[in-house]
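Undergrad: Below are the chains, spelled out letter by letter.
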Amino acid sequence: MILQNSYRVVLFKSVNQTMWAEKILREKGIPHKLIPVPRQISSDCGVCLRVESGQEEHVRNVLVNVEGFMEIVPL
Amino acid sequence: MLDRVDACGLACPQPVINASKALETNDSIIVIVDNQTALENIKRLAKSKERSVSCEMKSDGIYIVLEKKMAIETDLENNHEGIRNHASRDERVLVISQEVMGRGDNALAVILMKSFFHTIAETVPAPDAIILFNSGVKLLVDGSEVLEDIRLLEKRGLRILACGTCLDYFKLKDRLRAGHVSNMYEIKELMLTAS
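Those protein sequences? They're chains A and B, same order as listed.
Heads up, the first sequence is in my numbering, so the first residue is 1 and it goes up one at a time.
Heads up, the second sequence is in my numbering, so the first residue is 1 and it goes up one at a time.
I should point out that these hints are in silico values taken from the structure, not numbers from a laboratory.
Please read these numbers as outputs of a predicted model, since none were measured by experiment.
Derived DSSO-like pairs: lysine-lysine, alpha-carbon spacing no greater than 30 Å straight-line:
hint, chain 1, residue 1, chain 2, residue 2
1, B, K58, B, K155
2, B, K47, A, K33
3, A, K13, B, K138
4, A, K23, B, K171
5, B, K43, A, K33
6, A, K13, B, K58
7, B, K188, B, K114
8, B, K155, B, K47
9, B, K188, A, K23
Please model the complete structure; the sequences and the hints are all you need to start from.
TA: Shown next, in the form of structure tokens:
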């Protein structure tokens, strides 16, 4: 079953920082997808990482100290 | 008294996130931003949340008032939107994915691009829009040798879309001198409706 709001997006200040964070998630084997920042959030600032909502805390722990980390918000 | 969100000095997309949070508990809010990109993003947020927008430039920032809309306003806008989208079909769109034209000899690729833009600027009727992404956005920043041609096209009503992700990647957002900062949604839509 697909739950509504079953994804979160992780936002960074810049594209380069998002790419760096993606590399970390890949190395840790955390499922993720790089997507454009959703329209309703804002879309002139590029890309973000979509993760499963169940992984939110895990992802936060892994990425919170990465430079440029801003926020994890529901998709 | 409306709830105020002071988003000056905040990096994109933080102003939108803060405004979005405020809208969860308030029908109407004032958002204060200090740049054009944030203004555009807040306007887009307002649209998705069905709020009307009015803004005022003040010395300490752009004050944007978001207010709950009447149902009839929303209907009218939806109709208008439908007409606009329909009219945008069959546009002639150019896509520029790098700052030079073709691969091979780089010096040659540079002059080819200059020559190309000169020709486009003289083309009648001009295309409707140009999308620039990856290193193509470098053609829109100060120091670009085709800037004059691009500005001329823009003056004639041609839309220039610069990939915002790419400007961010190359750290060129502050140096944009033509076109407007765009995003993957807009680029996709324009490409799909192009003739």
